[in-house]
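**Q** Okay, here's what each chain looks like letter by letter:
Number of protein chains: 2
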Amino acid sequence: MATKKKYTIGIDIGGTNMKAILFDGEKILSDYSLGTPKDNLEHFLVMLQALIEPLLTKAEELKIKVEGVGLGVAGWLNQEGEILMSPNLPLLNKTKIGELLAERIEIPVKIENDANCFVLAEALQGAGKKYESVYGITVGTGIGGGWCLEGKIFKTKWSGSGEPGHVVVNYAEGLRLEEAYQKLTQNNPSQLAEEAYRGDVLADKSFEEFGFLLGTSLANLINLIAPEIIILGGGVIEASDLFFNSARKSMKEFIISEEAKKNIKLVKSKLGNNAGAIGAALLPFYQ
Amino acid sequence: MATKKKYTIGIDIGGTNMKAILFDGEKILSDYSLGTPKDNLEHFLVMLQALIEPLLTKAEELKIKVEGVGLGVAGWLNQEGEILMSPNLPLLNKTKIGELLAERIEIPVKIENDANCFVLAEALQGAGKKYESVYGITVGTGIGGGWCLEGKIFKTKWSGSGEPGHVVVNYAEGLRLEEAYQKLTQNNPSQLAEEAYRGDVLADKSFEEFGFLLGTSLANLINLIAPEIIILGGGVIEASDLFFNSARKSMKEFIISEEAKKNIKLVKSKLGNNAGAIGAALLPFYQ
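First to last, the sequence lines map onto chains A and B. Using the working numbering, you'd call the opening residue of the first sequence number 1 and step up by one each time. Using the working numbering, you'd call the opening residue of the second sequence number 288 and step up by one each time.
Among the clues, some could well be false.
Claimed, not checked - Residues from chain A that face chain B, not an exhaustive set, calculated with beta carbons under 7 Å: (1) Gly-15; (2) Thr-156; (3) Phe-254; (4) Gln-287.
No lab work stands behind these hints, which were simulated from the structure alone. Just so you know, even glycine gets a beta-carbon here, dropped at the ideal spot from N, CA and C.
Work out the full structure, taking the sequences as your base and the hints as a guide.
**A** Structure follows, in structure tokens:
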């Protein structure tokens with residue numbers, strides 16, 4: 001790591017809100033949030049600039065230079081930074097939003113999948129800090145995931161791969177983890193998470209069932225690539241205790257290696273809601 | 288790669304035969320085989336020396352120096368080169384056969400799992416030569432597998448992990464790929480492969496069914512880590528055409544990424560029966 005501090009802005013673009021932070025490589029100096037525009041690309045870009053503006057002003061006050069901006073966005077990206085498909089924000093489909101923003105603000109911009117930002121932040125500065133091979137899974141409106149190996153996001157050659165949600169969990173029915181998740185949460189995970197949080201037994205039960213499937217998928221991940229630690233993030237993690245416990249239980253059940261079973265860590269996110277923005281802020285200099 | 292040739296001996300220790308080759312980094316200069324002793328460790332070591340002897344003599348004739356020996360063996364190894372569990376050769380359990388051999392022949396010895404040797408050989412000199420991310424699967428008496436990333440065998444931290452045969456293919460029943468394979472081949476894959484090879488329809492059918500499961504597992508592998516090419520080896524590959532075709536079909540069916548579906552290669556081993564010994568011969572200088 002460089003001894004001199006590098007200042008960046010990290011932006012986590014969610015389906016509802018966008019959050020930006022001014023980051024010094026270790027801590028958040030300032031943050032700002034806005035609702036995510038969903039009407040058109042031009043408006044989206046204007047609001048993105050409006051989101052960054054107060055942080056650039058803050059940077060001026062502090063007499064520091066923002067050397068890079070990182071964007072985390074839900075969706076499949078290709079190696080040129082083009083968003084091929086964003087499930088939450090179709091207005092971003094087929095755009096190079098990073099390039100468009102860089103032209104406007106005249107600061108280099110890096111863009112990455114949001115689950116990759118999550119795992120990068122947790123691997124470098126969160127729950128995975130002490131480990132070389134860190135896998136992150138986010139369970140929110142959908143299932144995201146990414147792998148950080150020796151401090152670098154593991155990149156697959158093809159966009160749309162490297163996604164734990166795509167894993168088939170029922171071969172007979174060809175059911176994928178993501179589909180099972182939507183099915184068990186009746187296509188409304190956020191509402192069900194809220195119900196579970198409020199103590200609804202049936203909602204909790206659905207997450208418990210999904211926890212079983214997720215845990216088995218995690219065991220398969222361990223049987224194949226054996227990360228040292230798996231970090232779970234996203235709203236659902238906090239909403240249902242049954243979910244986490246059931247995931248851990250079925251994970252342990254299906255791991256073959258005794259060594260792996262003994263040593264693998266399954267933990268909750270340490271950086272919480274900030275993980276995505278911190279990961280984005282780390283993109284310019286740590287990837 | 289070094290410009291000066293490095294000479295090594297590679298040994299593929301199978302459940303029935305052991306094969307050794309004298310290798311110049313590119314081609315096999317000489318080879319020798321012996322039956323695999325199964326009685327005790329002392330006899331095993333004597334026979335291993337007897338296997339190497341003619342190749343050392345050959346090297347002397349050719350006035351070349353053997354600078355390293357590589358051993359490929361079925362089983363789980365830890366990072367210290369200890370064999371924790373060998374399914375075919377229990378006499379090797381809890382031994383450091385590489386160290387024991389090195390003491391006797393006074394040449395450095397490296398040891399590795401046989402499926403890892405297979406994929407190393409295919410990645411560096413076989414069907415995977417042009418690719419950075421190569422996955423190999425061997426289908427023989429059991430299911431083995433390994434991943435070669437940028438010319439290096441991908442090592443998991445824990446022994447007994449990194450095995451595609453351990454992957455659960457039926458979550459409801461908790462059935463693993465390896466177990467499904469044994470079940471479908473009635474615990475005698477070699478005999479069934481022979482029957483399939485001779486045209487037995489029922490035997491062929493069993494392999495076709497297994498091909499479906501394997502293909503789905505390969506799709507999951509692609510959905511998770513997206514190797515560029517998957518290379519299948521082992522006796523069964525040649526025994527049943529239905530097997531390979533059915534694996535390819537279900538693999539394609541369950542890949543999500545369109546780019547991956549279009550570009551992923553599923554091919555048969557190029558180095559055939561020599562892949563294991565060549566991979567072992569590559570261990571001393573290319574790992």
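**Q** Now, for every hint given, state plainly whether the structure supports it.
**A** Hints, verified against the model:
1. Gly-15: For Gly-15(A), the interface hint is violated, since the closest Cβ of chain B sits about 20 Å away, which is over 7 Å.
2. Thr-156: At about 4 Å, which falls below the 7 Å cut-off, the nearest Cβ of chain B leaves the hint on Thr-156(A) intact, so it holds.
3. Phe-254: 5 Å, holds
4. Gln-287: Not OK, violated: Gln-287(A) not within 7 Å of chain B, min 17 Å.
In terms of the numbered hints stated before, the structure departs from hints 1 and 4, listed from lowest to highest.
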